[in-house]
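Chemist: Listed below, chain by chain, are the residues.
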Amino acid sequence: MHYMKIKWESLIGCPEQLFYKRVNGRDILLISSKQHALGSLDTANGNILWRQIQDSMEDSLGFTYDNIHDIVIVYNKNYIRAFDYSTGILKWENFISLSQNQRVGILKVIKNVVILTHGPFIYGIKVTSGSLLWSTDFKDNSEWIGVAENGESSINLVGGISNNKLSIVKLSLENGSTQNRNSIDVEYNFERCAASGRNAVCLNSQGTILAIDFSKDKAVPVKTVLEQPIHIYASLDEKYFVVKSLSSLHVLHVTSEKITNILKVEPTEVFSISTDSSTKEPIFMAYYDTLGVIKAFDLKSSKNLLTSKLVPERQAPISKLEFLSTGKTIEILTVRRDCRVDLHEARLDGKEVSIEWTRFEGLATIASVEMIDLPLSETQATIETEFTAKDAGILRTFILRVTSQVELFKRLFVQFAHRFVKSFELIVTNQASFSTIFRHLFGGETPKSSKPQRTGSVAKPDTLPMERDYFNLRKMIVVSTTSGSVYGLHNEDGSVIWSLYLGDDFEPLNDQLRRTKVPLFIQRGTSHYQFSSEAAVAFNVKNAKSSRLVIFNPITGTLVNTYQVERLKRVELLPFTNDEMLHPLMVLDINNKIDFFPSYSAPLPYSTFQFNFNASSGDLYGERIDSVTRKISTTWKNQLRFSKSEKIVAVASKPFSQTLHSQGKVLGDRAVLYKYSNPSLVALAAFDEVEALLTIYLIDAINGQIIYSGRHPRTRPPFHLVHCENWLAYSYWNEKARRTEIGVIELYEGLTQTNAVHFNSMTTEKTPLTIYAQSFIFSQGINAMTATETEQGLTNRNLLIALPFGGLLEVSKRFVDARRTIDLTPEMREEMIIPYMPELLLATEDLINYNQSIFNIRGIKTAPSGLESTSLVLAYGIDLFYTRVSPSGTFDILKDDFDYVLISLVMVVLIGGSFVVKRIWRQNSIEQAWS
Amino acid sequence: MNVMNKWKLDLTSGGAKIATRGFDQSMNPPGYTPNFVAAQQVEQGGRNDQQQQHLLNKRAWDMALGPVKALPMNMLMMYMAGNTISIFPIMMVAMMVWRPIKALMSVNAAFKPLETENGTSLIVHKLIFLLGNMGAIALAVYKIHTMGLLPTHASDWLDFVPPAERLQYILSSDVYI
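Going line by line, the protein sequences match chains E and S. Mind the numbering: the first sequence is residues 1 to 931 in UniProt numbering, read in order. Mind the numbering: the second sequence is residues 1 to 177 in UniProt numbering, read in order.
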């Protein structure tokens, strides 16, 4: 098998905690994400220096950087780990068993001890080895907010806010024994406290602010009053605290003597304080989303250093801000609400802000993927327009032909001129080799710049041709994410061509199987050149009982329309088009009202049903859709009679666009085994948690008939279903044998076919179905599973399986064949069925990503290309991986390594040789005649 | 050997040549008459015509029955060729089809010289010739059939069958809560 075009990129995920500081002359940028990864970025270009994915998916991830040992300490559910900052290598890890319902408070390194607080628990861990030195439990519901050094061998902890008391505890750093416990009685109910360094600041709703230097044994609180404070934020600088009130934002300077309000600005959620690395002056920076403006203030002089607009505009609002000031320039790191990370560079003298690099970390939260053909090129479109004039006279057609030819010629000339200029430019700038330039001059690909684009970066304009290529391998990958943006990626290098933010009130949909979804539909492709392509995305509106449909152009990313609907229960793409070649969306809201977008009132050309189920009770319904009266009527009801602990865990139906090329399989004796490829067949997996019983159902959703049901006792999740053509492959964990297994069911009509022309679910089959079922042992776990997809469905479908260790495996369907048996008949041997073997062998050469490991893969999207042999694959998770696969080999194109030079050389030599030989022969024959 | 190549012994025409040269008749051996052959021909003229007709007839029948006679040999050859699909059996079978077809195309041309000599139409002969060649073709086709190259099963036409058109559509994506 031959694989081309591999593109792989790792992401960190939606940033949760940022650390951006200059330490010992190095710019350190560390990001921990909601996808449980910790990464170190190169501040110069935004590339990942190293990334460590943590195991737990449920708990939050906290980290701290220790500049003395140059390590990053990470805490993530029961594990504390230390990574070397410069290499990202694990130094040590330690298991700390903690109760589940508490969260991590402080993670800080003091001297040689890592202090970790977790609810009332305090742990001291040796920073060099990770061994637990001591642990202390205060057995009350106090939470610790700050820790500071007190003398040589003890620390002071602050927190434990209960009964109007703020506790300060002195602990020994060596053994964790309590040396002193001090409670500061505060006369009113403290609601919010924050600590930084050795200062703790609390505020209450009356407006009193109390600050205390808790590192001292006998601390005396200082107080001040502010109007209507809402929240207090600690900054990395221990002397500065920010208080947000209803009308403004105050920056407080806290010393052990007094609190001074040094700056008052407009209120905002996004701000940061940092010390300039050259002048050591503290700088405050705030971002105002309504204006898109960033403001920087010198905290010593309260002088406004910078007021500037951040580019690009019309993006998601900024949610996090960190900056690094180095005298004349300020590097501003922003995180937008859709997880886009930008590094801006602002020059204080010029007051201009430019983007250094961008990372679209929202791509780590992909929910749905669609691949769309790029639009026809202008030349192709002109050819198409020539055939638009129907029933035109001869003269008119002739004129059309001539004008279009002239137009084409003109275009060709302009293009050549353009290429010529570009080639000349390339020669002058010496950017590409002569042969590349020569090829480019005669219509080859534009030479790429030496530095490849990073996936998840902004596409540079005019580097990528936005038109369809000959084999239709170039596609636009449209992805919807749960972080609130829709992206258009170019499949050649994965760069982001456009992004569309869906709004602050975006909330993903949740389905019955407890999956988070942002459904994406292609309403109109690019094959209708007179109409532009349209896509739709559906999501819920936060804090409202409504949902929204956003219609956009998937090629340019421009918004076309927005529909506000009642909270939706279902959204479906109709398999029929309206007059404008648009597939309408059918929306069913919680009041069981149906609606079509765009409006569709004509009767549906085929009787159309929807399949509905109740995941916990196992009730199934078939409902008929009437587009004229806009009503749904139940046509059948079925009960699977679930036990209390049983529920549906996975559903797989076939997309209406799926094509099946061959209606049957040729047997060894030349008879045909006809496939039962019911397009309305839905596969259900039901799982009983108590009995550990997996049941697989195959149901004809038009008439409710259960075609097949099979049980696997003693199984466990995860379950994955792949349902296409006439087969279903599913995976489960076999608890008894302690291994993953893949089951496969194949349905056949038998040797005679009921109806070759139509498939009608309302009629019965001539003969009972022949059903083959088989199970195989799979030696690895399974993260995601899918089947390849080609244009005609002629090529074999292979299974693509994402493995937890980072591989993406292509398994030939010939191995996952339900008709494999141990004793093969000669006919079966003729058919080349492989004898049954319990194990599915995992050959490392079948890993289509080679050594480029991809982790936490949540889904794999396959799409057909213009070549029947080739299927396009995008695996997504915290990594993105794109490639092309050809399951039956590249039978329709020459191989990449086809030796054109040798073949043309041989041709030339042969032609030349034949001429020479002819001449010699003529001469010889004349000579012979004379002699 | 070289010596043998250098000279030629001509026994047939030598006598005539010698006779025409006008050598002395007395040089001839006793009882030699140069006119002997011609005299004999003149003498057997009447019987010869009949014989020629018989010969022509025989040749025509030979020609007509040739393909029929070749059938057993063809059968043997095909049996020997075996049923495996590889280049040599295929070539043999192709030749077996092609040769009779070529012969069928040129029936008139093949019988033309015989017809002109015979002066009568050889329609029966031609028919038998045709039938024989047809038989050869049939034999070849049977061979192709036994080799499994004839598209006589439903499986051979399977790839040309268009996918079945569905009469109902089902919408079955997720149900949201």
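Worth flagging that the hints you see were computed from the coordinates, not collected in a lab. Glycine is no exception: its CB is placed at the ideal position from the N, C-alpha and C atoms. Please note that the accuracy of each hint is not assured.
Negatives, chain S to chain E, calculated, CB over 10 Å [claimed, not checked]:
#1 A154
#2 P163
#3 L167
#4 L171
#5 S172
#6 I177
Residues from chain S that face chain E, not an exhaustive set, calculated with beta carbons under 10 Å [stated by the list, open to error]:
#7 I144
#8 T146
#9 G148
#10 H153
#11 D159
#12 P162
#13 A164
#14 E165
#15 R166
#16 Q168
#17 Y169
#18 I170
#19 S173
#20 D174
#21 Y176
Chemist: Determine for every hint whether it applies to the structure shown.
Modeler: Hints versus structure:
1. Some Cβ of chain E comes within 10 Å of the Cβ of A154 of chain S; the nearest lies about 5 Å off, and the non-interface call is violated.
2. With a cut of 10 Å on Cβ distances, P163 of chain S falls inside the contact zone with chain E, its closest approach being about 6 Å.
3. Consistency note on L167 of chain S: stated as away from chain E, yet its beta-carbon is not over 10 Å from all of that chain's, at 5 Å minimum.
4. Non-interface status of L171 of chain S relative to chain E is broken: a Cβ of that chain comes within 10 Å, the nearest being about 4 Å off.
5. Under the 10 Å C-beta cut-off, the non-interface status given to S172 of chain S relative to chain E is violated; the minimum distance is some 4 Å.
6. The claim that I177 of chain S lies off the interface is violated: its Cβ sits roughly 6 Å from the closest Cβ of chain E, which falls inside the 10 Å cut-off.
7. Look at I144 of chain S: its Cβ only gets to about 14 Å from chain E, farther than 10 Å, so that hint breaks.
8. The closest approach between the C-beta of T146 of chain S and any C-beta of chain E is roughly 13 Å, which is over the 10 Å cut-off, so the hint fails.
9. Below 10 Å, beta-carbon pairs count as interface contacts, and G148 of chain S has one with chain E at about 7 Å; its hint therefore holds.
10. Below 10 Å, beta-carbon pairs count as interface contacts, and H153 of chain S has one with chain E at about 4 Å; its hint therefore holds.
11. Because the smallest distance between the Cβ of D159 of chain S and any Cβ of chain E comes to about 6 Å, under 10 Å, the interface hint for this residue holds.
12. A least Cβ separation of about 8 Å between P162 of chain S and chain E falls short of the 10 Å threshold, and the interface hint therefore holds.
13. Residue-level restraint check for A164 of chain S holds (minimum Cβ-Cβ distance to chain E is 4 Å; threshold 10 Å).
14. With its C-beta approaching chain E no nearer than about 5 Å, E165 of chain S sits inside the 10 Å limit, and its interface hint holds.
15. Taking 10 Å as the C-beta contact cut-off toward chain E, the hint placing R166 of chain S at the interface holds, the least distance being around 5 Å.
16. A cut of 10 Å between beta carbons decides the hint on Q168 of chain S: the least distance to chain E is about 5 Å, and the hint holds.
17. For Y169 of chain S, the interface hint holds, since its Cβ comes within 10 Å of a Cβ in chain E; the closest pair sits about 4 Å apart.
18. For the restraint placing I170 of chain S at the interface with chain E, the shortest Cβ-Cβ distance is roughly 4 Å, inside the 10 Å limit, so the hint holds.
19. Given hint, S173 of chain S at the interface with chain E, holds; its Cβ is 6 Å from that chain's nearest Cβ, closer than 10 Å.
20. Given hint, D174 of chain S at the interface with chain E, holds; its Cβ is 4 Å from that chain's nearest Cβ, closer than 10 Å.
21. At its closest, the beta carbon of Y176 of chain S sits 5 Å from a beta carbon of chain E; the interface hint therefore holds under the 10 Å criterion.
When the structure is compared with the earlier hints, violations turn up for hints 1, 2, 3, 4, 5, 6, 7, 8 and for no others.
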